[in-house]
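Chemist: Single-letter residue listing:
Number of protein chains: 2
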Amino acid sequence: MAYGGFRELASLNYVMSSVKSLLKHKPRVVTVDLLEALGRFLAEDVTAHINIPPYNRSVVDGYAVRSIDTFGASLSNPVILRVKAFIRVGESPEIEIGPGEAVEVSTGARLPRGADAVLMYEKTRRLGDIIEVLEPVPPYGNVSKIGEDIREGEVVLRRGMRLMPWDIAVLASLGLKTVNVYEVRVAVASIGSELVELDNIQDIREVLDKNLVVNSNKYSMIAQLRSSGFTPHYIGIIPDNIDEIASRLREAIAEYDAVLTMGGASVGKVDYTIEAVRRLNPEILIHGVHMRPGRANSIAVIKGKPVFMLSGFPVASIVGFEALVKPILLYMVNGNDDPKPKIKGILTRRVNTPINVRSYVRVRVYRKNDGIYVEPLALTGSGVLSTLVRGNGILIVPEDREGYDEGDIVEVTLLREVFEG
Amino acid sequence: MAYGGFRELASLNYVMSSVKSLLKHKPRVVTVDLLEALGRFLAEDVTAHINIPPYNRSVVDGYAVRSIDTFGASLSNPVILRVKAFIRVGESPEIEIGPGEAVEVSTGARLPRGADAVLMYEKTRRLGDIIEVLEPVPPYGNVSKIGEDIREGEVVLRRGMRLMPWDIAVLASLGLKTVNVYEVRVAVASIGSELVELDNIQDIREVLDKNLVVNSNKYSMIAQLRSSGFTPHYIGIIPDNIDEIASRLREAIAEYDAVLTMGGASVGKVDYTIEAVRRLNPEILIHGVHMRPGRANSIAVIKGKPVFMLSGFPVASIVGFEALVKPILLYMVNGNDDPKPKIKGILTRRVNTPINVRSYVRVRVYRKNDGIYVEPLALTGSGVLSTLVRGNGILIVPEDREGYDEGDIVEVTLLREVFEG
Numbered sequence: 007m008a009y010g011g012f013r014e015l016a017s018l019n020y021v022m023s024s025v026k027s028l029l030k031h032k033p034r035v036v037t038v039d040l041l042e043a044l045g046r047f048l049a050e051d052v053t054a055h056i057n058i059p060p061y062n063r064s065v066v067d068g069y070a071v072r073s074i075d076t077f078g079a080s081l082s083n084p085v086i087l088r089v090k091a092f093i094r095v096g097e098s099p100e101i102e103i104g105p106g107e108a109v110e111v112s113t114g115a116r117l118p119r120g121a122d123a124v125l126m127y128e129k130t131r132r133l134g135d136i137i138e139v140l141e142p143v144p145p146y147g148n149v150s151k152i153g154e155d156i157r158e159g160e161v162v163l164r165r166g167m168r169l170m171p172w173d174i175a176v177l178a179s180l181g182l183k184t185v186n187v188y189e190v191r192v193a194v195a196s197i198g199s200e201l202v203e204l205d206n207i208q209d210i211r212e213v214l215d216k217n218l219v220v221n222s223n224k225y226s227m228i229a230q231l232r233s234s235g236f237t238p239h240y241i242g243i244i245p246d247n248i249d250e251i252a253s254r255l256r257e258a259i260a261e262y263d264a265v266l267t268m269g270g271a272s273v274g275k276v277d278y279t280i281e282a283v284r285r286l287n288p289e290i291l292i293h294g295v296h297m298r299p300g301r302a303n304s305i306a307v308i309k310g311k312p313v314f315m316l317s318g319f320p321v322a323s324i325v326g327f328e329a330l331v332k333p334i335l336l337y338m339v340n341g342n343d344d345p346k347p348k349i350k351g352i353l354t355r356r357v358n359t360p361i362n363v364r365s366y367v368r369v370r371v372y373r374k375n376d377g378i379y380v381e382p383l384a385l386t387g388s389g390v391l392s393t394l395v396r397g398n399g400i401l402i403v404p405e406d407r408e409g410y411d412e413g414d415i416v417e418v419t420l421l422r423e424v425f426e427g
Numbered sequence: 007m008a009y010g011g012f013r014e015l016a017s018l019n020y021v022m023s024s025v026k027s028l029l030k031h032k033p034r035v036v037t038v039d040l041l042e043a044l045g046r047f048l049a050e051d052v053t054a055h056i057n058i059p060p061y062n063r064s065v066v067d068g069y070a071v072r073s074i075d076t077f078g079a080s081l082s083n084p085v086i087l088r089v090k091a092f093i094r095v096g097e098s099p100e101i102e103i104g105p106g107e108a109v110e111v112s113t114g115a116r117l118p119r120g121a122d123a124v125l126m127y128e129k130t131r132r133l134g135d136i137i138e139v140l141e142p143v144p145p146y147g148n149v150s151k152i153g154e155d156i157r158e159g160e161v162v163l164r165r166g167m168r169l170m171p172w173d174i175a176v177l178a179s180l181g182l183k184t185v186n187v188y189e190v191r192v193a194v195a196s197i198g199s200e201l202v203e204l205d206n207i208q209d210i211r212e213v214l215d216k217n218l219v220v221n222s223n224k225y226s227m228i229a230q231l232r233s234s235g236f237t238p239h240y241i242g243i244i245p246d247n248i249d250e251i252a253s254r255l256r257e258a259i260a261e262y263d264a265v266l267t268m269g270g271a272s273v274g275k276v277d278y279t280i281e282a283v284r285r286l287n288p289e290i291l292i293h294g295v296h297m298r299p300g301r302a303n304s305i306a307v308i309k310g311k312p313v314f315m316l317s318g319f320p321v322a323s324i325v326g327f328e329a330l331v332k333p334i335l336l337y338m339v340n341g342n343d344d345p346k347p348k349i350k351g352i353l354t355r356r357v358n359t360p361i362n363v364r365s366y367v368r369v370r371v372y373r374k375n376d377g378i379y380v381e382p383l384a385l386t387g388s389g390v391l392s393t394l395v396r397g398n399g400i401l402i403v404p405e406d407r408e409g410y411d412e413g414d415i416v417e418v419t420l421l422r423e424v425f426e427g
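Chains as they are written, first to last, in this note's numbering: chain X, 7 to 427; chain W, 7 to 427.
The following block holds chain X by itself, in its conformation from the complex:
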């Protein structure tokens, strides 16, 4: 008897190139307030319509001067200037300085007309309305020039950038109250007649006694989507019934930008989700990929939108999100993934992985006697969530390797900080 439903698994590279070429749907653009924009993907280039700073301003506390007046000044031969006024940041007095004049300014204050530099207090000696300049200051010394930070007309932020705190501050500095970002609405469904919603549970032991399973994948997936800048819409549990799955997925595909299921995409006789998706006339249907855990993870394109069918095994779906879902959703918004924290360490035990498969090995990274060590926790066991919780890293073994030897230096993606000892 042939083994299960997988005839030929697809490589992750093949999945990416073939699926991307078929995605015709574009996610919607929404206008959001700045504080709602954190972590979202910019839907347009942002061009500055003003200069920042909008005028020459002082970057220190001191005296605004004509730099030419200070040339040749020294401790033994100070230049004398007359202080006309004090300009604080935010004030806009109509003051101009001429030869022999200075204006006291606070940090951030606009330079008075005529001034082109600022002397710090310590380079001067104050005597009533007079200062002695003890050192020369060059033109634009201690001055932030108009447009030095951002030039009017310049493209400051580009479409597809994921907005970070400082990007939001730049938008505010430009006087923009809202910003256009992509909204990628992802329908999330859990498939399996054995599943029970956490909210409906009175006593977990009763659930387990009936051999039912808490729908915990829902939580990790919604959390992964949110923290990656996408917008999950949970549409519920669908029982193991091909008609019902097909009908619910058809609706979801019409309504959302992407659809994601967990469960019902296994290796066995009972492969409801795949059969349901087959009925929806996919442009492409890739059943199973060369990854481990998660070889049951599958993907289709229907009406130009991606449909992800992830394994019901917790770790397989979590890794499937990183390997399959996130790259495709990022592609839809022209975005790049955030950089990942990585660390190199010494492998404490041989890791065996199959050739032609990308393997995601959960590991524990620790520091001991100034060395960094990588201890493999689980090679199999795609259901064993605790390895992600007890461990703090993932070692990705690429397709062209059959693992790593004990003592090899390997690079690991860190999920939490390195453990001590």
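FYI, nobody ran anything at the bench for these hints, they're computed from the structure.
These numbers were taken from a predicted model, which means no experiment stands behind them.
Treat the hints loosely; a few may be bogus.
Repeated chains share a single entry, so a pair holds when one copy, or any two copies, can fit it.
DSS-like mimics (lysine-lysine), calculated; alpha carbons at most 27 Å apart, straight line [claimed, not checked]:
1. Lys-346 with Lys-216
2. Lys-309 with Lys-26
3. Lys-183 with Lys-216
4. Lys-346 with Lys-26
5. Lys-346 with Lys-151
6. Lys-374 with Lys-183
7. Lys-348 with Lys-32
8. Lys-216 with Lys-90
9. Lys-32 with Lys-183
10. Lys-350 with Lys-374
11. Lys-332 with Lys-30
Guided by the hints, dock chain W onto chain X, whose structure is given.
Modeler: For chain W alone, coordinates are given in the frame of chain X:
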């Protein structure tokens, strides 16, 4: 004339140890739904009150058997077993197998009593109600044992852990609907009579013509606090008036777990925030730290709570958050910082930094001809936000160095992915 208000700057290490020893206040513990818990800090150890899996279950599709029955089986000499039933995941039939018997199971299904292993389909040949076993399976082969993932009584998650997607899934698997997390409520105020709220602006050019400044720091600070797992409460702009600052800060200290101001903590004559805080009888007041940018960043402890007084310069306040605020807030929740993405590259130009100062140099990291290069963007200019937006990394130069030479290999914290070319 003496230079400004800084007599002696404090090292960051001194700040951390002296401030931490004075923090007596504990943030409150709140009970939140699981999906609200993402990125928050756990306020208690979580102990498993059940086993996961709750029973021995199959990790493949195939036949549950007594392993002892399969010993000696081979292609030429198969063992014959009778198939009694089919158990799907979620089903709980009262079935027991005896010698010579098997039960067909789907992945995740509970093993029937008597069975201790599962044969994958490909190791069998089906003939009606009979299977031929073509290979032996060891005890617990293809079985996920009770408690293998999580043992009843085991501490699964520890106080202070920042909750990640998989942690939330573990809590759900344990049947927990809510979780106790710390809530660190941080009052955020912007100080400066020159500031205008973005929301009150009609035309940014009018604001700039009056030499007023948009309160953009508010946005980056709220975003930084939120994305680090803390809870900002913005309390508004306070004008440059020592009485008013003192009164608003007194209220905020009574109400919140920490207080953070931006602006009004400069080097100059006008140092409103520091003077206001001095009036509130701080247990400690550290005015200025050996960091650059951000030497004006200051910190106090009042009534056992931290009061951060950050520079009004955008980059100085952003860096001040990372260097001063975040470590202290993490300490209050017993938390560790997330690991940061780092990369090594070749410095394209000498960087000069002062000795005894921790310098945060904004850099642009790019890949060219297989090499990674680090181009310094700004050594000074703590107001120049665009360097954070155009760049993609921060090079931290420690206190014991006066910079790095062109060609040095340096390690950089990445804010965005490495640029190409």
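Chemist: What are the numbers of the hints that this structure violates, sorted from low to high?
Modeler: 1, 5, 6, 7
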